Amino acid sequence: MSALRTALKKTGIMVACHINKIAFVSVLLLLMFPLVNQSAYTLRIATVAMMYIMIALSLNLLTGFCGLMSIGHAAFWGIGAYTAAILAKNLGWGMGTCLIASALVSGFFGMMLGLPVLKLKGYYLTIVTLGFCEIIRMVELNWMSLTRGPLGINNIPYPNLFGIVLKSRVEIYYIMLGLMVLTGLVVHSIVHSRIGKAIVAIREDDLAASAMGINVTLYKIMVFIISATIMGVAGGFYAHYIRYIEPSIFNTGTSMNMLIMAIFGGLGSIPGTIIGATILTVLPETIRFLAEYRNLIYGFLIIVLMLIKPSGVLGDVNMEYIKKRYYASKAGDKG
Amino acid sequence: MSTVLKVNSITQRFGGLVALNNINMYVDDREIVGIIGPNGAGKTTLFNIITGMYEPTSGKVELAGQDITGKKPYVIAAMGFARTFQNIRLFGKMSVLDNVIVGMHTRTKANLIDAIFHTKRKYREKKECEEKAEKYLELLNLWDLRHEYANSLPYGCQRRLEIARALATEPKLLLLDEPAAGMNDRETDELLEIIKKLKEMGKTILLIEHDMKFVMNICERIYVLNYGELIAEGTPFEVRTNQKVIDAYLGKEE
Ligand SMILES: Nc1ncnc2c1ncn2[C@@H]1O[C@H](COP(=O)(O)OP(=O)(O)OP(=O)(O)O)[C@@H](O)[C@H]1O
Ligand SMILES: [Mg+2]
Chain Y
0 MSALRTALKK
10 TGIMVACHIN
20 KIAFVSVLLL
30 LMFPLVNQSA
40 YTLRIATVAM
50 MYIMIALSLN
60 LLTGFCGLMS
70 IGHAAFWGIG
80 AYTAAILAKN
90 LGWGMGTCLI
100 ASALVSGFFG
110 MMLGLPVLKL
120 KGYYLTIVTL
130 GFCEIIRMVE
140 LNWMSLTRGP
150 LGINNIPYPN
160 LFGIVLKSRV
170 EIYYIMLGLM
180 VLTGLVVHSI
190 VHSRIGKAIV
200 AIREDDLAAS
210 AMGINVTLYK
220 IMVFIISATI
230 MGVAGGFYAH
240 YIRYIEPSIF
250 NTGTSMNMLI
260 MAIFGGLGSI
270 PGTIIGATIL
280 TVLPETIRFL
290 AEYRNLIYGF
300 LIIVLMLIKP
310 SGVLGDVNME
320 YIKKRYYASK
330 AGDKG
Chain D
0 MSTVLKVNSI
10 TQRFGGLVAL
20 NNINMYVDDR
30 EIVGIIGPNG
40 AGKTTLFNII
50 TGMYEPTSGK
60 VELAGQDITG
70 KKPYVIAAMG
80 FARTFQNIRL
90 FGKMSVLDNV
100 IVGMHTRTKA
110 NLIDAIFHTK
120 RKYREKKECE
130 EKAEKYLELL
140 NLWDLRHEYA
150 NSLPYGCQRR
160 LEIARALATE
170 PKLLLLDEPA
180 AGMNDRETDE
190 LLEIIKKLKE
200 MGKTILLIEH
210 DMKFVMNICE
220 RIYVLNYGEL
230 IAEGTPFEVR
240 TNQKVIDAYL
250 GKEE
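Same order as they appear, the protein sequences are chains Y and D.
For the first sequence, numbering that gives the first Met the number 0 begins at 0 and goes up steadily by one.
For the second sequence, numbering that gives the first Met the number 0 begins at 0 and goes up steadily by one.
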């Protein structure tokens, strides 16, 4: 038993020390994946999984790193999706400009929601996001001239990048891979910066953070906007990818599932987020043959994990610190 | 000598309770000043007012001649007041080193653009911060523990880490709320040595402390609070021999 534990610990240290290389190799493998496997089914799962990784990263930045919980984030996803769908279909915009517009519009809504709410302490944000999600869904349902209400928007044009129409699954897979890697890099950079440390300090103790000169409200709003922006881009992609959207996709249930991915993988851990979103997207797909039992297993898995490791797969695991401790102890041995 | 902190007729009421009544005090540059008084005297409340966490019912707080009453805590921290907390408030799930680096927030500038595009400024600041933080940790005898989680530290070390973090803000005045509370004799002596070192470095300190030996040993001047009233002030000798103080505080078995 203890031998197993030391072996596990050693592996953990190895992984932590080489996490950048592991990430790099994973991206390379993902780049080569379509060369090996072109089945529509697997490519679809992979594409959707990568989109959920992007979404879970956005939620983890907000909840895991800054300690703010939103249970209505699907609203921002929806705002991004509708923005892209309307612009692409009605105005014929290309995918690049659509995604930028999705980012801006979602980010703007994030700011409008965050400004009044994030000044308040406690659970206000969580409750307000719930209401916000419902309001946005109502708007999507009732603004017939723009969203076609419950009919949804269908026949959204294929992604159009710089005038080239991308119809193939492989091309769409690569777009999503690009977006996911970009999101990963951005979130990673923020978390490991001066601003990231301020954000985590706010999560740990906002009063102490303000005593250290950190403008708590400003940073909370900033994180909320960034998170909404990422959701917007994911939504813009989704509209182009699925080519049919309707309001019920973007409800609080979806928001919950997204949040569960971040919590399952481990709040405050980027590798954890990736693992969590992957498992919770791929697993339900691979056990589809179990029919009704599928949801049972999904729920069971979540409960079991929360019982044996409440912080999620990699919650509480800070690879940076593990690595630094390891190198410091090695330097200590020599010196 | 210039005055770093000036408290002008501060009164703080909580409903019917007068926590502080018409308090006047000052701290000059490079002074080490103590605040003593029995439990509930209003010492922490005074710190909360000075650092902007409470807005006083009436009165004024000045930082180096500037009125800071009613300003937000983060603004006051940036202007030069740093504090520690009586009930330790560290960033538990951050490393000891990162706790100190967070203290440098107002002394650094890297913004979102620097973070995302990994600019030269980001790397330069990061390196400078880490080097400085390690210096503070050496000063507070915490260097060996720099990569540990703050909440995994023994109690005495957590208290010292709070001081290191506050020092990292490069304050004009360091406010310590019962820095020796809960420490054993050995830890208290270690802390005393550290504060003596800070004094030699020319730091200005205002500290609340129950440990009489500690206060008498290190402070040049002492203010005594009792039930929200300032009942005495002066050198340790003057305070020790003041009849009001003896009655209110020293006379009781602590
Ligand atoms: N936010 C608040 N609301 C209401 N009453 C308060 C508040 N803060 C402090 N008080 C009251 O003000 C009085 C002074 O409290 P304070 O914490 O300043 O005492 P202290 O001198 O620091 O005591 P101790 O030595 O126990 O730390 C107490 O009676 C306390 O209950
Ligand atoms: Mg107190």
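Misleading hints may appear alongside valid ones.
With a cut-off of at most 27 Å between alpha-carbon atoms, the simulated BS3-like pairs for lysine-lysine come out as follows [unchecked claim]:
| # | chain 1 | residue 1 | chain 2 | residue 2 |
| --- | --- | --- | --- | --- |
| 1 | D | K108 | Y | K118 |
| 2 | D | K119 | Y | K20 |
| 3 | D | K71 | Y | K118 |
| 4 | D | K126 | Y | K329 |
| 5 | D | K126 | Y | K20 |
| 6 | D | K92 | D | K59 |
| 7 | Y | K118 | D | K70 |
| 8 | D | K125 | Y | K329 |
| 9 | D | K134 | Y | K322 |
| 10 | D | K92 | Y | K20 |
| 11 | Y | K120 | D | K71 |
| 12 | Y | K323 | D | K126 |
| 13 | Y | K20 | Y | K322 |
| 14 | D | K198 | Y | K9 |
| 15 | D | K134 | D | K198 |
| 16 | D | K71 | D | K92 |
| 17 | D | K171 | Y | K323 |
| 18 | Y | K322 | D | K59 |
| 19 | Y | K322 | D | K198 |
| 20 | D | K59 | Y | K323 |
| 21 | Y | K118 | D | K59 |
| 22 | Y | K323 | D | K92 |
| 23 | Y | K322 | D | K92 |
Now the in silico label distances, taken between C-beta atoms and shown as ranges [what the hints assert, rightly or not]:
| # | chain 1 | residue 1 | chain 2 | residue 2 | range |
| --- | --- | --- | --- | --- | --- |
| 24 | D | S8 | Y | S328 | 52 to 58 Å |
| 25 | D | K126 | Y | I296 | 47 to 53 Å |
| 26 | Y | I12 | D | P37 | 48 to 54 Å |
| 27 | Y | K20 | D | E133 | 26 to 32 Å |
| 28 | Y | A6 | D | N140 | 31 to 37 Å |
| 29 | D | D188 | Y | L103 | 57 to 63 Å |
Which stretches of chain Y does chain D cover? Using the computed rule of at least three CB atoms under 8 Å from a CB of chain D, they are [as the list claims (entries may be wrong)]:
| # | region |
| --- | --- |
| 30 | 193-199 |
| 31 | 258-264 |
| 32 | 301-308 |
| 33 | 318-330 |
No lab work stands behind these hints, which were simulated from the structure alone.
These figures come from a predicted structure and were not determined experimentally.
Every residue, glycine too, gets a C-beta built ideally from N, C-alpha and C.
For this session: Return holds or violated for the Cβ distance of S8 of chain D and S328 of chain Y against the range 52 to 58 Å.
Result: holds, 56 Å
Exercise. Between K118 of chain Y and K59 of chain D, is the straight-line Cα distance small enough, at 27 Å or below?
Worked result: At roughly 26 Å apart (the allowed maximum being 27 Å), K59 of chain D and K118 of chain Y satisfy the hint.
Problem set entry | Coverage claim, chain D over the region 301-308 of chain Y, checked by counting residues with Cβ within 8 Å (three needed) | violated (count 0)
For this session: Would you mind confirming whether the straight-line C-alpha gap from K92 of chain D to K59 of chain D stays at or under 27 Å?
Result: violated, 37 Å
For this session: For the pair we were handed, K119 of chain D and K20 of chain Y, check the Cα-Cα distance against 27 Å.
Result: Answer holds: K119 of chain D to K20 of chain Y is near 23 Å, not above 27 Å.
Problem set entry | Claimed coverage, the region 193-199 of chain Y by chain D - three or more beta carbons nearer than 8 Å | Held - the region 193-199 of chain Y has 6 residues with a Cβ nearer than 8 Å to chain D, which meets the minimum of three.
For this session: Below or equal to 27 Å on CA atoms is what counts here, so check K92 of chain D against K20 of chain Y.
Result: Given that 27 Å is the threshold and the Cα spacing comes to 25 Å, the pair holds.
For this session: Note whether the CB distance of D188 of chain D and L103 of chain Y lies within 57 to 63 Å or breaks it.
Result: The hint (57 to 63 Å, Cβ to Cβ) holds, given that D188 of chain D and L103 of chain Y are roughly 60 Å apart.
For this session: With a cut-off of 27 Å on the C-alpha distance, tell me whether K120 of chain Y and K71 of chain D pass.
Result: holds, 15 Å
Problem set entry | Restraint check for K134 of chain D with K198 of chain D, where alpha carbons must lie at most 27 Å apart | Judged against 27 Å, a Cα distance of about 17 Å means the pair holds.
Exercise. Taking 27 Å as the top limit, are the C-alpha atoms of K108 of chain D and K118 of chain Y close enough?
Worked result: With a Cα-Cα distance of about 23 Å, the restraint between K108 of chain D and K118 of chain Y holds, given a limit of 27 Å.
Exercise. Taking a Cβ-Cβ distance under 8 Å as contact, does the region 318-330 of chain Y have three or more residues in contact with chain D?
Worked result: Held - the region 318-330 of chain Y has 4 residues with a Cβ nearer than 8 Å to chain D, which meets the minimum of three.
Hint violations for this structure: numbers 6, 14, 17, 18, 19, 20, 31, 32, all remaining hints satisfied.
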